[in-house]
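If you're matching positions, the sequence shown starts at 4 in the numbering used here and goes up one per residue.
Don't take every hint at face value.
Said to hold, decoys possible - Label-pair restraints from in silico Cβ distances:
1. Asp72 - His204: 20 to 30 angstroms
2. Gly187 - His155: 23 to 33 angstroms
3. Pro166 - His204: 14 to 24 angstroms
4. Ile206 - Ala43: 15 to 25 angstroms
5. Pro32 - Leu153: 28 to 38 angstroms
In short, the hints are calculated from the structure, not lab data.
We put the beta carbon where it would ideally sit given N, CA and C, even for glycine.
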Amino acid sequence: IATHALAPFSWALPPDGVFERSAIRASGPAPAPRFGALRAVGDAYDVDTGALPLRRPARVSLPLPAGADPRATGLYVVSGRALRVVATGAGPDGRVTGETRYTGRFALYEDRAAPLIGRRRALIENGAPVPYSRWALLAPLREVGSGLDLAHTYFEIDGARVPSEYDVDMGLLRWRPRARPAPGRHTYEVVATDRAGNVGHAIGAFVIR
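With the sequences and hints as input, model every part of the structure.
Okay, structure coming up:
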């Protein structure tokens with residue numbers, strides 16, 4: 004196992020974790036870069052394998068600082084221009100630990116921002132409603148932080164929760180009813196929750212004629 008410990012940061016890779024022999028450089032601490040509404044909690048630590056990808060995920064760990072909210076704080080890696088969540092929540096040892104194939108700058112961030120819910124719309128083609136067997140209500144979602152908690156992200160139609168699916172590639176939450184909704188006006192609410200417990204809401208209505 005290739006292990007790098009820059010107290011209190013640790014990064015460990017299995018013996019078969021790389022495709023070929025390569026130097027792995029670790030450094031830190033350094034100031035954590037800023038990302039939107041995320042708040043850095045402590046310093047950042049860099050792990051660099053050059054251009055060599057990892058064959059196996061590395062195990063990464065940082066202690067949760069005193070006073071930090073364990074649910075809202077997660078371990079992230081800044082790889083290139085992208086911010087990716089590695090783990091959320093602290094274990095019994097008081098550390099936030101996870102596995103990742105990405106290298107870059109690792110740091111703890113506190114996520115206090117709810118997912119962003121875009122403009123809702125019914126699925127249409129060429130400006131006209133599609134057949135009801137293919138009708139759907141869509142809501143674009145954008146989460147920059149701990150990631151969506153899909154078990155608690157859904158549509159409510161007329162006050163009742165309905166089966167909802169999230170299209171990761173398109174960033175869309177979708178409700179596709181099996182049967183045509185009854186004629187008339189219907190209300191809906193989008194509930195979008197992230198893994199830090201932040202909840203976003205959006206309400207609206209649509210009319211079936």
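Now for the hints, and whether the structure bears them out:
Range check, Asp72 to His204: about 21 angstroms between beta-carbon atoms, so the 20 to 30 angstroms window is met. Taking the beta carbon of each, Gly187 and His155 are about 29 angstroms apart, inside 23 to 33 angstroms as hinted. Distance hint check for Pro166 and His204: the Cβ-Cβ separation is about 19 angstroms, which falls inside the suggested range of 14 to 24 angstroms. Distance hint check for Ile206 and Ala43: the Cβ-Cβ separation is about 33 angstroms, which falls outside the suggested range of 15 to 25 angstroms.
Look at Pro32 against Leu153: about 34 angstroms separates their beta carbons, and that is inside 28 to 38 angstroms.
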